[in-house]
Amino acid sequence: MQGYTQLAGRVIALLVAAGVLGVLFNRANPLGIPLQASLHVDSSSTPVATARPVNQSVNDYHNEATSETPASTNPVALTWSEVRDWQVEHGALLVDVRPASAYRAGAIPGAISLPYSDLVTDLSTFQQRHDVESWLIFYCSDLECGLSELVAQEFARDFGYRHIAYLLGGFTEWQRQQANPPLP
Amino acid sequence: MATTTGEPTPSVVRRAEGSFAKIGWTTVFRWVLGVLFITAAISKVANPTVFLGDLFAYRLPLPEVLLRATVIVLPWLELLCGLLLFANLWSDAVSVIVLGLCLVFLVCTGQAWARGLDISCGCLNLSAFGINAQSPLLSLLESARVAFLRNLLLTACAGYLVRQALDTAEQRAAKNS
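Those sequence lines, one after another, are chains U and Z.
Sequential numbering of the first sequence, starting at 1, is according to my numbering.
Sequential numbering of the second sequence, starting at 1001, is according to my numbering.
Hints in this document: simulated from the structure, not taken from any laboratory.
Quick caveat, the model's predicted, so the values are computed rather than measured.
Note that beta-carbon positions come from the ideal geometry of N, C-alpha and C, so glycine has one too.
Possibly wrong hints are sitting among the right ones.
Unchecked claim - Label pairs and their in silico Cβ distance ranges:
1. Val23/U / Tyr1160/Z: 49 to 59 Å
2. Tyr1160/Z / Arg84/U: 50 to 60 Å
3. Val1032/Z / Leu31/U: 22 to 32 Å
4. Ser1177/Z / Ser101/U: 54 to 64 Å
5. Leu1140/Z / Leu15/U: 51 to 61 Å
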């Protein structure tokens, strides 16, 4: 019985030690993550849940971003029609953060592949080709994948990119739009 | 000791066999699990955002705050367990935690495989070591099905360690009584 008590004590001690170390390191680490998401995409709520107010149009947001005031460090959530606006007005580049195998199987035309799992190795090459003034729109598989939002946050917050967005619904949303194009 | 041809076994082979018998399966399993846990921990600590992305990709029905807490705490638990396995300290408690973690990993990778999710398991995140994870071999190693099979083996190793640790604890208790 005493052996099991000692065992339980050691297990709890290890769990507590890991928790304390993790929290302290995460606080000190510039790449640390917040416990609560600053942005949250909820399929049941309004499609735009970002720094851009719901009642502000995407063009107004861009005008603010390109004016003298510094652009928001929060990425913007875009619908597919807004993505088209970004592409037409600013030459925005679509960036596919899904695994390379998914990109090869099918991607949005014109998109380039930057798998999230290879960010560490591919980042410097990407940064050489696309500077911080580039307009970038990240997307992943669907509304629930969350990867595009994460990568977008990292580009805006940690790498200094000023015009960052992600496509709500990702590749699935684009496929849906191709199958059922909106009425003019 | 002689070989099947009747010739005496070379001393080098005898020494190797003796060394292995001295080391034993317990030590081999401790070292294997220790190396894997330390490697996994370092790669996760190096890029928490990528690890969080890996967890999201599993599409587990868990609150986001729990996934984020896992990203913050799990690598350090893996690192502590890996180091203690190497040092052979608190082996009973470490074995129990490692077995628990392996079972959780088994369930996560198993459900991903069963659902046909095309994801990187996030187990080792080899890109953190400068290795290109786009190569076919590494993509295969990181796939859910290979991760599940690997976790089966690791769970068996951890189960063996727990049994050894509990046996040792019982023997110690019997001696004391």
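Results of checking the hints against the structure:
1. Val23/U / Tyr1160/Z: 49 to 59 Å: 33 Å Cβ-Cβ, so the 49 to 59 Å window is violated.
2. Tyr1160/Z / Arg84/U: 50 to 60 Å: 58 Å Cβ-Cβ, so the 50 to 60 Å window holds.
3. Val1032/Z / Leu31/U: 22 to 32 Å: For Leu31/U against Val1032/Z, whose Cβ atoms are near 30 Å apart, the range 22 to 32 Å holds.
4. Ser1177/Z / Ser101/U: 54 to 64 Å: Roughly 59 Å apart at Cβ, these two residues keep to the hinted range, so it holds.
5. Leu1140/Z / Leu15/U: 51 to 61 Å: Violated, at about 33 Å.
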